[in-house]
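J.: Add chains B, C, D and E to chain A, keeping to what the hints say.
Protein chains in written order, with numbering that gives the first Met the number 0: chain A, 0 to 184; chain B, 0 to 295; chain C, 0 to 617; chain D, 0 to 488; chain E, 0 to 185.
Simulated from the structure, these hints should not be mistaken for lab results.
Mixed in with the good hints, there may be bad ones.
[Said to hold, decoys possible] Calculated pairs, DSSO-like style, for lysine-lysine (alpha carbon to alpha carbon, straight line, at most 30 angstroms):
1) C:Lys520 x A:Lys152
2) C:Lys544 x C:Lys365
3) E:Lys106 x E:Lys157
4) C:Lys544 x A:Lys71
5) A:Lys71 x B:Lys52
6) B:Lys52 x C:Lys483
7) C:Lys439 x C:Lys365
8) C:Lys365 x B:Lys52
9) E:Lys163 x E:Lys64
10) C:Lys351 x D:Lys430
11) D:Lys100 x D:Lys25
12) C:Lys483 x C:Lys48
13) A:Lys156 x B:Lys52
14) C:Lys525 x C:Lys365
15) E:Lys172 x E:Lys157
16) A:Lys14 x C:Lys364
17) C:Lys483 x C:Lys96
18) A:Lys7 x B:Lys52
19) B:Lys52 x C:Lys364
20) E:Lys172 x A:Lys71
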Amino acid sequence: MDRNQLTKWFKAPTKMAHKYSLHAVYFCTGCGVIEIPPTITARWDAERFGVIPAATPRHANLFLITGYVSVKTLRAVIRTYEQMPEPKFTVGFGSCPINGGMYWDSYNTINQLDKYIPIDGWIAGCMPRPEAIFVAVTHLWTLIDKDMADGYKRYRKHYAQYRANQEQVLGELEWPPLFQSEREG
Amino acid sequence: MRILWLVLSPLIALAVGLFFLGLSRRVMARIHWRYGPPLYQPLIEIFRYFTQKGSSHGVLFGLGIVLSLAGSIVVILFLPFGGICSMSGSGGMLVVLYMMLLAPLGIALSGGEAANPNASIGISRKLMLALGYELPFLLIVLAIMTHYDTISLVDIVSAQRETASAFASFPLVLSGIAYLLILPAMLGMRPFEVVHAPQEISSGPIAEYSGPYLGLVTIQHALTTFIGISLFVNLVWGGAGNPFVFFLKMLVVLAFGLFVNAAFPRLRVEQAVRYLWRWPTLIAFVGLILVVTLGR
Amino acid sequence: MSLELLMVVALGGSLLTYVLGRVSSRLRNGFAVLVSLALVAMVASLYGKALHVSYYEDFLGMSLVLRVSGLSWLFAMTASTLGCLSVVFSLSYMKGKERTSFYYSMLLLVNAAMLGVVLSGDLLSLFIFWEIMSWSTFLLISYNGGPALAAGMKYFVMSFVGSLAMLAGLLTVYGSFGTLEFGGVAAGMLSASPGYILAIFVLFGVAFGTKNAIWPFHAWLPPAHSEAPSPFSAILSGILIKMGVYGFLLIIFVLVGLRNFMALGADGLPLHTVLSIVGAITILFPTFMAIMQNDAKKLLAWSTVAQAGYIILGISFGTSLSVAGGVFHFVNHAVFKALLFMVVGTVEYRTKGVRDLDSLGGLIKKMPLTFAVALIGVCGLIGVPLTNGFVSKWLIYKTLILERSPFLALVALFGTWGTILYSYKFLHNIFLGQLPEKYKDLERAPMTMRLPMTVLSIVVVLFGVLPGIPLSVINSIDTSFGLKPLNVTLWGLASDTGALNTINILAAVFAGLLIVWLVLKSGGRKVSVDQADNYAAGAAIPKDKYQYSVGFYAPLTRMVAPYLKDFMDSFYMRLAGWVGGLGSGIRRIYTGYVGDYAMYIVLFLAALIFVQLTWSPW
Amino acid sequence: MVSPVLLIVIPLGLAFCVPLIGMVSKRFARFVPVVACLFNLVVSVQLLPAVLSKPIVVDLGGFGAPFSINLFVGPVGILFSLLIALAGFVVSLYALAYIDKGPTTRYHTLYLLLLVGATGVVLTGDVFNLFVFFEILCISSYVLVAYRGDKDGVESAVKYLIQGALGSALLLTGIGLLYGLFGTLNMAHIAVQAGSADPIPLFVAMALIVVGLGVEAAIFPLNAWLPDAHSSAPSSISAILSGIAIEVGLYAVVRMVFTVFGASSMLSFLMFLGVLTLLVGELCAFAQSNIKRMLAYSSIGQIGLIIFAIAIATSGSITGGFFQLVSHTLSKALLFLAAGYMIYRSGSMDISSLEGMGKRMPLTAFAFAVGAFSLVGLPPFAGFPSKLLIIRGALADGGALLALLVGLVLLGTVIEGAYFFRVIQTVFFKKGDGETARCEAPAIALVSMFVLVALIIVIGVYPSLIIGVLNSAASELLVRADYIGRVLG
Amino acid sequence: MNDSPMNGQLKKKLDSVFRDIETDVSDDGRLTIHATKESVLTVLSLLKDEGWSFLQLVSCVDWIKQDEIEIVYVLSSYVGVEDGPDAKGEPYAKGEPDAKRESILLKTRLPRSEPSVLTAIHVFANAEPYEREIHELFGVHFEGHPRLTPLFLDREYKIPPFRKDFDTEQYVKDVFDSVPPIDEES
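Bound conformation, chain A alone (with noise of 0.2 angstroms):
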């Protein structure tokens, strides 16, 4: 750990601590998970870096949404995101996400995904390797460092659009708004 870790470990801790235990949900939305075993085991060893898969959303902080989401996923991604405990980070992982990718006309998968739930950043790629996890990881910590990894925030504070959103495309959602006050107000 050089000068620099430790100023910023005693200046920002909760930036640090965040930074340095990125726990992944082991969510498998898509083709790109297969890209995430080789990313945690001996080949790559996010651990490293302090990224480990989480078991459930309750333990994590990152989302990696690994590959296309269909309407149905949609609606797990989106209430597996709430799960989550604040403050928690999402990247999109692959093209499908970020536009469709080559489900761009599906009739049943979403194409841009921050339409629904707020992304923090994106991995671009049709696979992207593991190499470009570690990329994104890294982009994340300077995110975080800069307070710009504020996807949770920009959730909470546009809950009523996202909701919309969700709504719009999932119809009813059987689940009661996350932030009741946003909603009405």
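T.: Below, chains B, C, D and E without anything else, positioned relative to chain A:
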């Protein structure tokens, strides 16, 4: 002085326990041919948990985990740590045995309140597994208590320091071997990791913890590791005269546990209980019979 | 306060309750509560007194005596308190049921009979009250009809066998000593031969063992406890079966005398060792049976059997520590088991009679107080430190270790782990987990149910934190038995072989709690989420299905079930079958043909004369 | 002081008045037995103190014993006569309501005759007189068993008749033998000479008489008539048969064995026989599903117990036996009376048909429960002190054999408890599927039952009320010389 | 290879039994049966009895130009069929299994406007999910199917999405692209 130790011993235990957690991750990574996280990774994670926003499922949800952790802390106060025992004269080993109940019980209660069946499954596995290792463990503890004719841990430790450690003296060596055989189960390491199986039951009892609650659970895990190992060192390895030697002994025991952990796959709970009730129990039973028949 | 008046109030109150029930049910309820309260007050006022009243001078040449001693006071106090709480609990539980007057009257009668048993000063009045207690219990167990009938029958037959053995025993004693008063019998026993004492002990032991449901006489208890009305189950499990404990204490320490008792079979297999092994079996086997139960009350019933084993284990060692442990465990078990039965009663009351552990769950949200008291009760049952069960179990364990009986200690400690398993199953399957849809609108327990449960749970904690209160009473009992007094302090024991200090533990636990609480508070903000807001891999939570309670310990059950057969029970059932078969077989003698009958007469006559002519025996 | 003769004469006279009164008004005829029994009761009670201080011997015809026919009113006699009068009174009260169909006048006549026969048997001091009264008793009971006139009743009455007649024949043969041996029929006189007689004929005579009487006393294996007769008779008659008739038979056996023959060597055999009878009776009752048959078998068991107790032949055990006799009479009469109306209401004698009776007839069911509790020997009912006394008497001896027999007796008691409590469960706790409307027994029947209930409880709580009579009865049986001395002067 | 003997045999048999079906054997020896909607079930059961006891899948083709929808049942057998009916149900019983296992296509055409056919569940229970899927994606109604609820999709579509007249681009434009992006400024 005693007050000071009362305050210090949980902190030491926490530090050692966290160090053990970090070390074990590191060692496991090395065995996997990985680099592994820094040693202070558990600390970072606990810090992160405490700055996250936890979600509570009810009063008991928080209360249970508090109870569990408090129980572990109290147990630590009763354990001699290299010549230091903060509460030596308040009931001895029996209180320790009982206080060790609080930890799983508290987690079980708060996990139950969370109404997640994964938690319930984990708890049921935990309790069954505990029933499994408790039988040989009790045999071991009783052999030791009978051998030294006391229920006080401090006396057991000092008795071992006077003669040889239990591990090296004849009738107790069997108990010591049996203890080694059940140690992974008591520490919750593989092959007895079925309680927390993260892939199948989403880490079981702790599935619903988030934020500070999860932080407490991690601390609790650290303390439990500490308790398990130090109990072993105290009971069959003669404790130690000073904390440093004690710590070294603990390290050796931990290393043993880690190698077992790395080498084995997970057992189903039936298999685990069957194993625990077969060889360790048999050996511990013979040990107890020897202790009773040979006398001191 | 005279003892006769006490008994008159107790018995008369029971009778009058029935009569008043004919007039008005409110009047009856009030009266029943009043009588039971009065009994508590009257018994309490007897504290520390030693009375000896002959209330019936000449019953067939024997005089019947009431007396109060430290031992009987403790039992009487427990009995009357539990009786009172149970009556209060019944107020809501029995509302709208049929034959309530009968129920209350029998409840009070059982209560009175129990007081009679413990206040008797001679074996005959003990027996009389014992029998009254037995049959009134039978009536109450059978009260619910249906499966309760078989349970009641089983209870009655076994208990009747026991009491007849006791009758034989006490009449043998009368034959040898010419008196049944405790003092006289004890004096006679001093010079009795060991064989004689053993015979007497076995005869009484069958009676007391059956009532106390120790193995192998336990078979009646699980069905009886589970089928009886819950407030009565509380009494049944809490105090009624402990009359057996009272009997054992009486016969070992008062009648036979400890020295005689310990000397029985000392050269071969000592009797007290046998008794302690029986106690150990009684702990081990029922504990596993309890783990496998799916009916809340049956689970508690098996647990009762197991806990009775601890008490017997404690008593059988006959040291001041162990007896204190046994007696204290009796008090504690009475408190927490009554509490737990009341909890089941409350749940049963609110869910309209459901006590199947597989179909409940999540009630903590609907009945928080009931859960809290259940938790306290379960902690007491397990013996979590700072509850009363811990202290008594600690005393028993310590005895076992000090007396170098590690195998018994193993069974006792291992039984405690089993206790954790079934206790948690009990708590979890009723109160924790997902709330079934149909119980969404459950109300919390009514006041008259919450009150007794709260009182009992306070006692659990009080005796756990300040065990000196009951232990000083028990210590005086110990000394009255001629045992070495214990060094009792308000918060435990001061002794040279390992002290117990609950205040230290309390302080440690509180400090621990406080620290952890502060740490938790220092963490980030906590939000409350709905109990149903759970991780289910992102899927919606299926209603009524997201609960793990069926087959809670299935792997363990699969493992141990083949080895766990209640073969004593099946033996009894088979025996009953044989008797029935024998009866039908013998009935065939009466063929219905008058010729056969005439033949019998003639043959009998011929046989008589033939025998006399051949051997002339007469 | 009233003469004990009245105990026999007045009811006998009244019995023959019944048809006459019946011609005037059937309603009045019903009350004759009540009056007669009440009279007997009063007279017996009046006689009681005197008898207890000194037995009364009445010589009829003016000759002194052994030549006259004499009545011996000792404690045993007065005990039985009291019991007969009491049971008779209660049952006749019950019959006021219960016997409302059929040839009621004849019923009442025969009923009185039965009681007269019974009283005669227990009071007479003459063997032949005993036979005569015994025949009165038996014949009237044969008829009464067939009172209903249905197939069952007639069949069992005929069975009863055949066996009873066989018994009577044996009895008569035995008496003839006795007369041949001793030339006298006075019991005391025979007793004096019994010791010096040729043992073989004496034994044959005794065997004949005991077997003959044993038929009525329902000793196993002579008791095959009993279940049939008791179950098909009207319940009031069952109560009397069970409560009085077999007890009287028992009295006769006991009197013969103890007083007349002084056959103390027979006693251990009788003891075994008693236990055997007890076990057979209880086991059969356990396997029964017909309530009246169950009660009948239970009577067999109780008789066995009484025989066992008396055959131990210590003062304590005989007292116990007599106490058991009293409590059995009261309880069994009560049980039959209560069961009678329950059967009447449900229309079936099957135990399962009594389901829900605890709701429909609470008082009757209560009375039944008291009877059952008492019979099983639970405190605070009359059965408890009696069982206590018997077992105390048996155990006081301290022999291993007796202890074993006591074990068997207690086993029998357990079985008894099992089947009685099964009935109680059926009556009170099984939900009957049929009607639930109240249909209590008529007031007069209830009164009769509750008289018994009160007696059972009072005796159960204060056994000393009757213990004096029982003690002197026991000593009368035991001290044979006293009897002989009293009669022969 | 061209005309495997058993297919020829079966073809003959089928032709003799049914009037309203057409059979032909393709170049690689695969038997294809064209049946009418009414006779599908009978043919299926006959084939099952003949030893083609495994329904591999049920598929569907939208022949938009003919205005017809074609349901395709793909059947195969566990055993070589020339072993005869005796050997049916004995997987890989005799000989070289792979060489002899053949699959058969059974096709039926339905009108595109209201496609409806009897469910094959009663013959092959595993047809259940296939038919559900076809119902969901092509809008074919299977009469007698116990639960024709959506299997994969989260929603109802006006035109079933696998039909050729379903305009995915338009649909995406209408449904997903119409969702407004989050307005961060507001």
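J.: Each hint should be assessed against the structure and marked as holding or not.
T.: Do the hints match the structure? See the list:
Restraint check for Lys520 (chain C) and Lys152 (chain A): the C-alpha separation of about 23 angstroms stays at or below 30 angstroms, so the hint holds. Our distance criterion of 30 angstroms between C-alpha atoms is met by Lys544 (chain C) and Lys365 (chain C), whose separation comes to about 19 angstroms. For the suggested pair Lys106 (chain E) and Lys157 (chain E), the alpha carbons sit about 26 angstroms apart, so the restraint of at most 30 angstroms is met. Taking the CA atoms of Lys544 (chain C) and Lys71 (chain A), the gap is about 21 angstroms. The hint holds against a cut of 30 angstroms.
For a cut-off of 30 angstroms, the pair hint linking Lys71 (chain A) to Lys52 (chain B) stands: about 28 angstroms separates their Cα positions. Taken as a hint, the Lys52 (chain B) and Lys483 (chain C) pair is broken in the structure, with Cα atoms around 58 angstroms apart against an allowance of 30 angstroms. The suggested pairing of Lys439 (chain C) with Lys365 (chain C) holds, with an alpha-carbon distance near 8 angstroms, which does not exceed 30 angstroms. Among the hinted pairs, Lys365 (chain C) with Lys52 (chain B) is consistent with the structure: their alpha-carbon atoms are about 27 angstroms apart, no more than 30 angstroms.
For the hint pairing Lys163 (chain E) with Lys64 (chain E), the CA-to-CA distance comes to about 10 angstroms; that is within 30 angstroms, so the pair holds. The suggested pairing of Lys351 (chain C) with Lys430 (chain D) holds, with an alpha-carbon distance near 19 angstroms, which does not exceed 30 angstroms. Simply put, Lys100 (chain D) and Lys25 (chain D) have alpha-carbon atoms about 11 angstroms apart, close enough for the 30 angstroms limit, and the pair holds. Between Lys483 (chain C) and Lys48 (chain C), the direct Cα distance comes to roughly 21 angstroms. Compliance with the 30 angstroms bound is thereby established for this hinted pair.
A hinted pair counts as satisfied when its Cα atoms are at most 30 angstroms apart, and Lys156 (chain A) with Lys52 (chain B) qualifies at roughly 17 angstroms. A hinted pair counts as satisfied when its Cα atoms are at most 30 angstroms apart, and Lys525 (chain C) with Lys365 (chain C) qualifies at roughly 22 angstroms. Under the criterion of a C-alpha separation no larger than 30 angstroms, the hint pairing Lys172 (chain E) with Lys157 (chain E) is consistent with the structure, at around 15 angstroms. For the proposed pair Lys14 (chain A) and Lys364 (chain C), the alpha carbon gap of about 37 angstroms is over 30 angstroms, so the pair is violated.
Only pairs whose Cα atoms come within 30 angstroms are accepted, and Lys483 (chain C) paired with Lys96 (chain C) is rejected, the gap being roughly 51 angstroms. Between the alpha carbons of Lys7 (chain A) and Lys52 (chain B) the distance comes to roughly 22 angstroms, so the proposed pair stays at or under 30 angstroms and holds. Pair hint Lys52 (chain B) plus Lys364 (chain C) holds up; C-alpha atoms about 23 angstroms apart against a cutoff of 30 angstroms. A C-alpha spacing of about 19 angstroms is found between Lys172 (chain E) and Lys71 (chain A), which places the hinted pair at or below 30 angstroms, so the restraint holds.
Comparing the model with each numbered hint stated earlier shows that hints 6, 16, 17 do not hold.
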